[in-house]
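Modelling step: build the complete structure from the supplied sequences, incorporating the hints.
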Amino acid sequence: MDSSDVKVLGAWPSPFVMRPRIALNIKSVTYEFLQEGLGSKSELLLQSNPVHKKIPVLIHAQKPICESLIIVQYIDEVWSSGPTLLPSDPYDRAVARFWAAYVDDKWFPCLRGIAKAQGKETREEAIEQVKEGLVLLEGAFEKCSKGKGYFGGEKIGYLDIAVGSFLGWIRATEKMNGVKLLDEAKTPGLVGWAERFCANSAVKEVMPETEKLAEFAKILQAKFKAPPPN
Amino acid sequence: MGSEEVKLLGAWASPFVHRVEWALKLKGIVYEDVEENLFNKSPLLLKYNPIHTKVPVLLHAGKSISESLVIIEYIDETWKQNPILPEDPFERANARFWAKFVDEEFMEAIRQALISEGEQQEKEVKQAIEALEIIEGELKSKQKFFGGEKIGFVDIVLGWVTAWLEVVEEVAGIKVFDSQKFPSFNNWMENFVETPIIKDKLPSRDKLVLYFHKIREFSLASPTIK
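As you go down the protein sequences, you meet chains A and B in turn.
The first sequence: position 61 = 61 (the UniProt record's numbering), numbered continuously.
The second sequence: position 213 = 213 (the UniProt record's numbering), numbered continuously.
Worth flagging that the hints you see were computed from the coordinates, not collected in a lab.
Among these hints, one or two may not hold up.
Computed cross-link-like contacts, SDA-like style, restricted to lysine to any residue with a CA-CA straight-line distance of at most 20 Å [stated by the list, open to error]:
(1) A/Lys-63 with B/Gln-112
(2) A/Lys-53 with B/Phe-182
(3) A/Lys-155 with A/Tyr-91
(4) B/Lys-126 with B/Phe-182
Chain B is nowhere near these chain A residues, computed Cβ spacing over 10 Å in every case [what the hints assert, rightly or not]:
(5) Trp-12
(6) Ser-14
(7) Tyr-31
(8) Arg-93
(9) Ala-101
(10) Thr-122
(11) Val-206
Cβ atoms here follow ideal geometry from the backbone N, Cα and C, with glycine treated the same way.
In structure tokens form, the structure reads like this:
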């Protein structure tokens, strides 16, 4: 496959953008990373993702693929000679897809809810919801890892990428709010997994530093305190 | 693997359940229908889908799979005859993209319009129409179905509109579909309904109207339920 014709449209702080980058790294596929500026959308982005106008977009041999988890599956299917991302058994695949959908549809809105919370009470409620979700994910980790180090077993897989891409923001949120979201008592498996995941060579270079994310979050908050967002 | 018993925990009025039924029928899989009362969920449902406690749930070879799109992919990967998703990775990505779009942008707006009123409902209707315009645009370039000559993943995911859309419009007092404005979509619906496995199993319109009236009343009376 021609890997000189692979581009990722994205932005460094986005957990969704991190997903295809990690997947491409695991497959040892070189790609060009084209960054969108905050608050502006390039012509290329508007052309490649006219429906949602969102990042990430993978452009491969001039064809655009959108939606981070769909992109990760595409990467797995196209570069099939590299390490596999999804499990080989259909049931294990279904479990991985189920939990990835849970993370995006149910859990992530709670995480985002912490930043959006207007008062102390609302923020604390949001924090509780995030923690409850992480306890569920701890259960998923126990089930999927089958005693090994990752959701994918011996190596990083689809679900590791889906959940792990949020670790930067989890840590930044912990720092900004003075709370512990992942803790040894309630989510011991995830605590160990988080260290392992972030230290992995495919992840290290694309996972933003907590400090930088916290700074970025401040800029975002200031920017959106102006006219109410859509 | 494929010869073990298959059970589907479902509910006659659920469009999500129908998707899975269509997928099973496409593959010629024999299964047992277990009807759930969603106002009084069975221990079986609570056991096999503890996270969401929703239908459909597929039970196969002692395992349970939840979430309709996840179930359909599981069915496609377990039983290889009559493929539902395309083989080419780019086409598969497209199919998954449009299935997600249908669910999140179109179906969700219709569902919200059913259980809301006033300004909130107007917002949802506007969203649904915009989504339908995009679907119309996409259908213009297709032959008969999203899947080509035969129905595929996106057709199965969108198929609920053929029985449910009109019912929701009537019950919620809204208008989304217009055959003049959406001719390709209209054609697609006519073709879809003519497909043998679909024709046999669409739920009764009158029953759906009654059922959805109840849902709307119930939801409007308890605003905290989403």
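Evaluation of the provided hints:
| no. | hint | result |
| --- | --- | --- |
| 1 | A/Lys-63 with B/Gln-112 | 34 Å, violated |
| 2 | A/Lys-53 with B/Phe-182 | 24 Å, violated |
| 3 | A/Lys-155 with A/Tyr-91 | 18 Å, holds |
| 4 | B/Lys-126 with B/Phe-182 | 15 Å, holds |
| 5 | Trp-12 | 24 Å, holds |
| 6 | Ser-14 | 18 Å, holds |
| 7 | Tyr-31 | 16 Å, holds |
| 8 | Arg-93 | 7 Å, violated |
| 9 | Ala-101 | 6 Å, violated |
| 10 | Thr-122 | 15 Å, holds |
| 11 | Val-206 | 21 Å, holds |
Violated hints, in rising order: 1, 2, 8, 9; the structure is consistent with all others.
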